[in-house]
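**Q** Here is what each chain is made of, one letter per residue.
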Amino acid sequence: MTSACQYCRGRLPSFVGEELSAAELNAVRAHLRDCLACRNEASSFLRARNALQATGAATASGPAEPFFAQMHADILASVAVEPAPAPAVGWPGSRWSVARWRGVRWAIAAAAVLALTVAVWPVRNGLLDRRAIPSAGIVVSPYAGPGAQPMQPLGFEGPGESRNQGMRGRAELHGIVDRDEPRSPVRAMPVGISGTHAAQAGILTGQRRAR
Amino acid sequence: MPHPIRAQKLRTLESTLPAGLPDPVDRLAAAVAVTDAELIRRTAGGESDAFAALVARYQKRAFWIAFHVVGRVEDARDITQEAFVRLYRSLDKYDYARSFYTWFYRIVMNLAIDHHRKHRHDPSASLEDFQGGLPDDSADDVQPIEAAEQHGQVWRVLERLDSKFRTVLVLRDIHGLSCREIAPILRITHATVRWRLHRGRQVFRDYWERLTMEDA
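Sequence order for the protein chains is Z and E. One rule links them: number in my numbering = place in the first sequence (from 1) + 667. Heads up: the second sequence at position 200 corresponds to 187 in my numbering, and the numbers run straight through without jumps.
Read the hints as simulated data drawn from the structure, not as lab findings. Hints should not be assumed to be uniformly reliable.
[To be verified] Cβ-Cβ distance ranges computed for the label pairs, FRET-style:
#1 Z:Leu713 - E:His106: 44 to 54 Å
#2 Z:Gly770 - E:Arg73: 39 to 49 Å
#3 E:Arg76 - Z:Leu713: 16 to 26 Å
#4 Z:Ala671 - E:Ala20: 47 to 57 Å
#5 Z:Glu732 - E:Thr22: 47 to 57 Å
[Said to hold, decoys possible] In silico negatives: residues of chain Z with every beta carbon more than 10 Å from chain E:
#6 Tyr674
#7 Ser681
#8 Arg700
#9 Cys702
#10 Ala704
#11 Arg714
#12 Leu719
#13 Phe735
#14 Ala776
#15 Trp788
We treat Cβ as the ideally placed atom computed from N, Cα and C, and that holds for glycine.
Here chain Z stands alone, though its shape is the one from the complex:
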């Protein structure tokens, strides 16, 4: 079987149902003209479909009218015991049925409950950590034009309260590194004295000299 045969046979069910596009139809027809095996395959599909359609047509061709008249009466009798249907709401021609309005009302109520839950629940349960919100004094901006504020890392104190601006922070870093080393009587310093103060007091320089 060639690839053309495969292409054709894959489309034969749709071919007999006349559901192929024009391009596919032309391709299948052209192939069927040349290929006997595919033509036989197509005829078997056609025979089966014709039999199905003939059976459908035969059953529907000769119905007894009294049968349907009786069925009509039976249906109306069984419906007569049912309560009257609810009228459609809105103006004539409105698409909105009672059920649809009911659905919309439920949807609005559900949306309101959901919005309240989302807004209130985290606050009530303390899930919102106010400390995580940066203070108003810190400005983090990539803008570097005239009048731009310097960028500062989060958690750094504001300009007015800063103790560690510029090169003073470097001295303090030295102090922290030194604190990780084994303590010695020389390096002992009172709690609360920062590295900057220690450097200013000459303690650190004295240590380095001692090494």
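With chain Z fixed as given, assemble chain E onto it according to the hints.
**A** For chain E alone, coordinates are given in the frame of chain Z:
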């Protein structure tokens, strides 16, 4: 001179209406200008003739669709009746923006598929159920034996088919609905309809060939 499409629609409507209806119902059911949605609105407004007209318009089509799925006259009749009762109960749920027949056929198909699944392997089902129960007032027209045999074979093949293939074959190949019309009725996509048709025709053809070979 009436518009050709309208004239054709009128002929189709007239041919589907049962005989012996009361005059007002018959006139209302045959009136092309009165849409299905209008009949539903009038029914909801308490006009009983409107629902009778709706039943007259659709009962034959509903019956034949149900019959081709379940294969028995009495069952198809019960399904049609139940479908109209359900329709009446849920008239307030009708979406006027959509076509009525899609909605109604869906009710019929759901009932027919449920019935077919329940009674598919019913041992009491036989070939006579498919052929003998059919109402036929054309008793003088004796069907050729070959044709009757062929119809019997088709029913046997249909009975073997899975309901998902049978439903699309019935709606497309017997009732002539397009794939786009079938999709919302069965609540499946257009692509699924195409695939089921494709596969269903293959399976039907295979069974059909095997059966005719055995009988030959």
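**Q** Give a verdict on every hint.
**A** Hints and how they fare:
| no. | hint | in the structure |
| --- | --- | --- |
| 1 | Z:Leu713 - E:His106: 44 to 54 Å | violated (31 Å) |
| 2 | Z:Gly770 - E:Arg73: 39 to 49 Å | violated (19 Å) |
| 3 | E:Arg76 - Z:Leu713: 16 to 26 Å | violated (44 Å) |
| 4 | Z:Ala671 - E:Ala20: 47 to 57 Å | holds (53 Å) |
| 5 | Z:Glu732 - E:Thr22: 47 to 57 Å | violated (26 Å) |
| 6 | Tyr674 | holds (14 Å) |
| 7 | Ser681 | violated (6 Å) |
| 8 | Arg700 | holds (22 Å) |
| 9 | Cys702 | holds (18 Å) |
| 10 | Ala704 | holds (15 Å) |
| 11 | Arg714 | violated (7 Å) |
| 12 | Leu719 | violated (5 Å) |
| 13 | Phe735 | violated (4 Å) |
| 14 | Ala776 | holds (20 Å) |
| 15 | Trp788 | holds (35 Å) |
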